[in-house]
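S.K.: Based on the hints, put chain F in the right spot on chain W.
One-letter residues, chain by chain:
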Amino acid sequence: AQTVTQSQPEMSVQEAETVTLSCTYDTSENNYYLFWYKQPPSRQMILVIRQEAYKQQNATENRFSVNFQKAAKSFSLKISDSQLGDTAMYFCAFMKGQGAQKLVFGQGTRLTINP
Amino acid sequence: DTAVSQTPKYLVTQMGNDKSIKCEQNLGHDTMYWYKQDSKKFLKIMFSYNNKELIINETVPNRFSPKSPDKAHLNLHINSLELGDSAVYFCASSQDGTGNFGNTIYFGEGSWLTVV
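Those protein sequences? They're chains W and F, same order as listed. The working numbering puts the first residue of the first sequence at 1, with every later residue one more than the last. The working numbering puts the first residue of the second sequence at 1001, with every later residue one more than the last.
The following block holds chain W by itself, in its conformation from the complex (with noise of 0.2 Å):
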């Protein structure tokens, strides 16, 4: 079974700071996807980024971007020049990549954003 850890339940950064958010995860699958997904306190589950474990090449999305290791099984978050709207609960997640689809998430990390 496929495990995603999350290891910081809390971080804050003050705006337009830099900040990473790491997630870690434990599978034996050679295809699988990975995702971020962000969660303000509308309690929406929005889609921050995606990365295909066959691309080598990082995903990015604007401010986000992400650092995938995959030897290390490793998938963290960064967002450049932080917002004030970037306060969220955000979640890692995992995605096999046969069989029936499914996201496995991590514990979330909460992250604030200071003025």
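Among these hints, one or two may not hold up.
[Claimed, not checked] Restricting the straight-line Cα-Cα distance to at most 30 Å, the calculated cross-link-like pairs of lysine-lysine (DSS-like) are:
id	chain 1	residue 1	chain 2	residue 2
1	F	Lys1009	F	Lys1044
2	W	Lys73	F	Lys1044
3	F	Lys1041	W	Lys73
No lab work stands behind these hints: they were computed from the structure.
M.R.: Quick look at chain F alone, frame taken from chain W:
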């Protein structure tokens, strides 16, 4: 238009009651899901349906019964509600959740169920 919509958004009910949460998606996706987020914010899949067929059924009490009348709708009925059922229930959908596609899963806004 909301892509994945679920009703009600908030529900407070007494132990022992039966309640339903409805979900609809207008994305044209084939696969729909129910996830549960507990009081510690942990998210876990409960069920998934592909074109009205059940494809994932995690270890969930029999009191929970999903129903998919068509591929755009997936409802969740809960019998004999217990205090431990208090949680946020998320409906979600993806293009095709059956194979090696890694399709992104899109979530609804959640239904906050409180059992008293």
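S.K.: Hey, Lys73 (chain W) versus Lys1044 (chain F), does the alpha-carbon distance stay inside 30 Å?
M.R.: holds, 21 Å
S.K.: Against the 30 Å threshold, does the CA-CA distance of Lys1009 (chain F) and Lys1044 (chain F) hold or violate the hint?
M.R.: holds, 19 Å
S.K.: Are the Cα atoms of Lys1041 (chain F) and Lys73 (chain W) separated by 30 Å or less?
M.R.: holds, 23 Å
Consistency with the previously given hints is maintained throughout, with no hint failing.
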